[in-house]
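K.L.:
Sequence:
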Amino acid sequence: MEKVQDRQSDKQVTGSFTDRLLNTVKGENVTAVFGEPVQLDDKKVIPVARVRVTGGGGGGLYGEQDTAPDRASGGGGGGYLSVRPFGVYEISRQGTRFKPAYNLNALVLIFSVFTLGMVFLLRKFLK
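So the sequence shown is residues 1 to 127, counted in this note's numbering.
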């Protein structure tokens, strides 16, 4: 009987954790994606983030009978949460415009691969 009670208390703990995680991810507060506005001279700047969430889990029971006291069970889960800068909205008297945030590392990598590829192609054609 203790095993059944342990499983029920595990479900309660897991459920409350899952509920808290989902409430956080759902963004009950819009500042999870849009930051607090910042006033700079005659401009207002609102930071924007990109949020990515994924997760999964599963479990199972192993045993000959459903009522066996030594029936084994197992489960697990995992997830991924990523929040990255996406850009800013700049609001001024001239209007509103979006300025994206660039990932400099990705740009350098792309430029390097492109340059290296061009060097190999030129070497091949000049032989």
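Source of the hints: derived by calculation from the structure; they are not laboratory data.
The C-beta atom is built at its ideal place from N, Cα and C for all residues, glycine as well.
Careful: at least some of the hints might be erroneous.
[Said to hold, decoys possible] Dumping the calculated EDC-like pairs for lysine to aspartate or glutamate here, alpha-carbon to alpha-carbon at most 20 Å:
#1 K124 <-> E90
#2 K127 <-> E90
#3 K99 <-> D19
#4 K99 <-> D42
#5 K99 <-> D41
[Said to hold, decoys possible] What follows is a set of in silico ranges between Cβ atoms, one per label pair, in the way DEER data are often shown:
#6 R71 <-> F114: 20 to 26 Å
#7 V119 <-> R50: 18 to 24 Å
#8 D19 <-> L61: 40 to 46 Å
K.L.:
All the hints need checking, so say for each whether the structure fits it.
P.N.:
Hint-by-hint comparison with the structure:
| no. | hint | result |
| --- | --- | --- |
| 1 | K124 <-> E90 | violated (48 Å) |
| 2 | K127 <-> E90 | violated (52 Å) |
| 3 | K99 <-> D19 | violated (35 Å) |
| 4 | K99 <-> D42 | holds (17 Å) |
| 5 | K99 <-> D41 | holds (18 Å) |
| 6 | R71 <-> F114: 20 to 26 Å | violated (59 Å) |
| 7 | V119 <-> R50: 18 to 24 Å | violated (34 Å) |
| 8 | D19 <-> L61: 40 to 46 Å | violated (24 Å) |
The structure is inconsistent with the numbered hints 1, 2, 3, 6, 7 and 8, although it conforms to all the rest.
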